[in-house]
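Asks: Read off the chains here:
Protein chains: 2
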Amino acid sequence: MQSWIESANAPLTDFPLENLPFGVFRTGKSSDARIGVAIGDTLLDLFAADESHLLDGLAKETVAACRRDSLNHLMSLGRKASSSLRARLMDLLSDPGAKQKVEPLLQKQVDIEMQLPAHIGDYTDFYASIYHATNVGRLFRPDNPLLPSYKYVPIGYHGRASSIVVSGADIHRPSGQTKTAEADTPHFAPTQALDYELEVGFFIGGGNAHGCSIPIDEAEAHIFGFCLVNDWSARDIQAWEYQPLGPFLAKSFATSISPWVVTMDALAPFRAPAFRRAEGDPAPLPYLNSSVDQTSGGFDVKLEVWLRTERMRRENTEAVRLSQSNLQDLYWTPAQMLAHHTGNGCNMRSGDLLASGTVSGSTDDSRGSLLEITRRGAELLQLPNGEARSFLEDGDEVTLRGYCEREGQARIGFGSCSGTIRAATPSCENVESLSKQRIGGEATP
Amino acid sequence: MQSWIESANAPLTDFPLENLPFGVFRTGKSSDARIGVAIGDTLLDLFAADESHLLDGLAKETVAACRRDSLNHLMSLGRKASSSLRARLMDLLSDPGAKQKVEPLLQKQVDIEMQLPAHIGDYTDFYASIYHATNVGRLFRPDNPLLPSYKYVPIGYHGRASSIVVSGADIHRPSGQTKTAEADTPHFAPTQALDYELEVGFFIGGGNAHGCSIPIDEAEAHIFGFCLVNDWSARDIQAWEYQPLGPFLAKSFATSISPWVVTMDALAPFRAPAFRRAEGDPAPLPYLNSSVDQTSGGFDVKLEVWLRTERMRRENTEAVRLSQSNLQDLYWTPAQMLAHHTGNGCNMRSGDLLASGTVSGSTDDSRGSLLEITRRGAELLQLPNGEARSFLEDGDEVTLRGYCEREGQARIGFGSCSGTIRAATPSCENVESLSKQRIGGEATP
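From first to last, the protein sequence lines are chains A and B.
For the first sequence, position 186 (counting from the first letter as 1) is numbered 186 according to my numbering, and the numbering increases by one without interruption.
For the second sequence, position 224 (counting from the first letter as 1) is numbered 224 according to my numbering, and the numbering increases by one without interruption.
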């Protein structure tokens with residue numbers, strides 16, 4: 001399918017006519033946030049689309065729901081509503097006759113600033129890559145890398161919602177308690193083992209009532225769409241704090257997500273079998289067992305991590321790809337994660353974010369974190385320009401990319417999820433003044 | 001101090017003139033939520049108080065901020081605002097001359113329904129009782145109950161915000177994966193080890209900017225007030241799922257909190273020294289070390305757990321007290337928890353909830369969970385009517401209470417935090433219809 005927007009027809013665009021991911025943007029610091037869909041190197045402003053009365057029927061009702069500063073309400077409307085809107089927008093963006101009316105509603109992506117797509121009530125991070133779990137487990141328990149629960153339980157934990165930021169936000173090196181093997185006591189200092197994690201997240205569309213589980217075969221109807229997630233991690237803080245209650249401050253300083261939410265509709269041509277369990281592996285328990293797993297429980301999404309150091313920027317050399325993996329290699333499907341998460345009656349709300357955990361593959365070039373690549377810093381990662389890394393250094397820019405490619409299908413891209421490491425800010429000068437301002441004034445949220 | 005409201009002067013009331021905790025109530029299912037303060041067996045409707053123009057100055061500005069359906073905005077205004085409002089309300093509720101004007105603004109507590117006091121963006125649960133950590137650790141590692149990090153790190157984890165419910169809400173027995181020691185494989189079924197945890201929570205008033213830590217000596221200025229928390233736990237699910245990422249579905253099915261938020265002002269007369277560390281224990285690292293700890297880092301709040309079984313209700317016998325402990329026995333102060341939590345730059349938002357973890361004391365009658373009392377079900381708890389418990393049974397009502405008492409001071413109470421265990425709902429009949437309704441309709445949040 002061709003669009004009258006030329007850039008949407010470029011072979012390597014992330015945002016062809018068949019994608020139309022949803023996002024939230026502002027045209028400037030002081031302007032209101034609005035919802036748009038990406039198409040080529042532009043976006044279509046859905047607030048303006050509603051104003052222009054270009055749509056009718058359910059698509060018209062749905063675009064009216066897009067007069068908000070987040071996708072939560074649209075997400076809550078369910079698949080039929082967003083599918084209907086997407087289909088009608090595809091018509092308008094491919095019909096040359098609509099060009100005159102629709103073109104004024106476009107904005108160049110370079111001119112706008114993307115926001116978080118949703119108010120995220122709760123954020124959950126899973127551990128769904130068996131290769132990642134094995135790589136990490138091997139560092140701590142060489143003889144017994146995988147815990148006995150792994151093949152039965154989609155392991156996950158609650159993450160911090162407040163510190164989720166959109167791609168492009170700088171990441172300040174966090175401080176925390178760490179203890180080296182040689183030291184008698186811990187100390188508090190900026191982390192020396194800052195890492196990224198290559199992940200994919202999915203947003204909840206319609207939620208479930210508290211106390212009512214979502215059955216596995218209903219689960220995908222509750223998923224609105226996908227984004228990229230970088231679960232930044234401080235490995236030295238993590239090692240000292242994580243027993244017995246799991247990761248906490250090692251992760252909660254920041255999590256970056258890509259701004260565009262790629263819908264289930266756009267991903268439909270890229271369904272893939274769920275993970276093929278090895279001979280002798282247990283079958284999923286019935287509440288996690290879906291009849292469609294063997295044909296289409298998974299998603300064939302190619303994932304990449306790129307690094308550009310301060311020196312590369314200074315010398316004007318390109319970023320370096322550190323790894324490639326595929327969402328298809330997850331041991332657990334998104335539907336299994338969601339059915340498991342609600343199996344105890346836990347309620348999901350529209351806009352909640354569930355992430356996969358680090359997506360690693362079976363090969364050395366598919367390890368989704370530096371922890372795995374450098375074996376916890378033991379083996380330096382050599383970069384082509386002579387630099388080397390055990391973990392991230394200040395000035396390093398990490399970019400995640402994701403895309404679907406298949407013969408005969410348009411390429412569906414996720415855009416990118418980037419963040420640059422900045423020096424630690426051991427004391428913010430505004431903290432004291434903040435707590436004074438608070439008195440009688442509105443607090444920083 | 002005496003109020004013209006007689007019930008506020010009763011010696012054992014939780015809500016004398018000196019307390020005035022804030023909460024959110026509705027007068028009926030279809031009415032809007034409003035903010036009120038508890039006084040004796042009534043509450044003062046702050047929406048009505050604003051309408052009646054009884055206040056002036058900062059108190060008037062502040063009461064105008066109470067025209068909301070949650071305390072978040074009031075919390076964000078900082079201590080000076082809420083203190084000023086509380087002081088002026090104390091005047092009005094003690095001055096017999098104000099009775100005629102104020103009395104019409106009162107509602108009987110029995111006539112209203114309490115709501116969650118705030119929209120809780122993020123919920124964090126700590127593990128701050130060294131007695132609890134030791135009791136639990138001993139069950140798993142008899143020779144080495146306390147992990148080496150415990151005396152350095154205020155251990156905590158992110159909890160689930162969506163499933164926090166207000167006192168009075170029924171708790172359905174959750175299902176989940178468990179595996180007994182004898183079984184080869186796990187199964188999915190209602191928990192057989194449902195437990196309560198006696199905790200205290202504190203709400204964030206003014207937040208901090210992302211990336212900026214809150215210094216220990218500023219931390220209390222960011223705390224708005226306290227409530228009771230019951231962190232319901234399914235011990236069998238927890239045992240099977242918690243490695244390596246910590247508790248997840250064993251806790252996220254429900255957390256109950258008491259509806260009234262007792263302010264830092266009301267608690268001021270009950271400050272107490274922080275935990276006295278044993279000879280040889282490390283001093284807190286500098287970022288957790290406050291000059292006021294030795295005099296007033298802690299809070300002298302008496303805490304109790306009461307159980308009333310189905311049979312006790314049927315036979316009309318009273319609830320039984322299972323334990324008594326004191327918030328003063330926490331190894332870490334609330335200020336230390338907050339300074340630690342933001343030490344990595346994690347941002348707090350007004351209305352975020354941080355809880356203490358189970359508050360147990362050093363004695364056998366001060367163990368704050370059945371896990372500890374029955375040593376993981378190994379020793380039955382005998383009740384006076386001949387019943388016995390290893391863990392909770394359907395129909396059991398658990399009530400937490402908290403109060404401060406000290407010679408020469410008015411008693412400051414927290415009210416109660418109750419929940420009754422109901423049978424598991426393995427499949428909610430409305431789940432399928434929900435996911436159908438979703439399509440084109442508004443989702444259940």
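Possibly wrong hints are sitting among the right ones.
Claimed, not checked - Rough simulated footprint, nothing fancy, chain A against chain B, three-plus residues with beta-carbon under 8 angstroms:
no. : region
1   : 156-163
2   : 176-190
Claimed, not checked - Pairs of lysine-lysine residues, derived as DSBU-like cross-links and limited to a Cα-Cα distance of at most 35 angstroms, are as follows:
no. : chain 1 : residue 1 : chain 2 : residue 2
3   : A       : K80       : B       : K29
4   : B       : K108      : B       : K29
5   : A       : K29       : B       : K302
6   : A       : K179      : B       : K151
7   : B       : K151      : B       : K302
8   : B       : K80       : B       : K60
9   : A       : K29       : B       : K60
10  : B       : K179      : A       : K151
11  : A       : K302      : A       : K108
12  : A       : K151      : A       : K108
13  : A       : K60       : B       : K29
Hints listed in this document are in silico derivations from the structure and should not be mistaken for laboratory results.
The beta-carbon is built from N, C-alpha and C at its ideal position, and this holds for glycine as well.
Asks: State for each hint whether it applies.
Replies: Here is how each hint holds up against the structure:
Residues of the region 156-163 of chain B lying with their CB closer than 8 angstroms to a CB of chain A number 8, which satisfies the three-residue condition for coverage. Only residues whose beta carbon comes within less than 8 angstroms of a beta carbon in chain A count, and the region 176-190 of chain B has 7; three or more means the coverage holds. This hinted pair checks out: K80/A and K29/B have alpha carbons roughly 31 angstroms apart, not beyond 35 angstroms. For the hint pairing K108/B with K29/B, the CA-to-CA distance comes to about 16 angstroms; that is within 35 angstroms, so the pair holds.
The straight-line distance between the Cα atoms of K29/A and K302/B is roughly 50 angstroms, outside the 35 angstroms bound, and the hint therefore fails. Taken as a hint, the K179/A and K151/B pair is honoured in the structure, with Cα atoms around 13 angstroms apart against an allowance of 35 angstroms. Only pairs whose Cα atoms come within 35 angstroms are accepted, and K151/B paired with K302/B is accepted, the gap being roughly 24 angstroms. A distance of roughly 13 angstroms separates the Cα atoms of K80/B and K60/B; the hinted pair therefore holds under the 35 angstroms criterion.
With a C-alpha separation of about 33 angstroms, the suggested pair K29/A and K60/B falls inside the 35 angstroms cut-off, and the hint holds. Between K179/B and K151/A, the direct Cα distance comes to roughly 13 angstroms. Compliance with the 35 angstroms bound is thereby established for this hinted pair. In summary, the hint linking K302/A to K108/A is supported, as the alpha carbons are separated by about 26 angstroms, within the 35 angstroms threshold. A distance of roughly 46 angstroms separates the Cα atoms of K151/A and K108/A; the hinted pair therefore is violated under the 35 angstroms criterion.
For the suggested pair K60/A and K29/B, the alpha carbons sit about 33 angstroms apart, so the restraint of at most 35 angstroms is met.
Violated hints, listed in ascending order, are 5, 12; each of the other numbered hints is respected by the structure.
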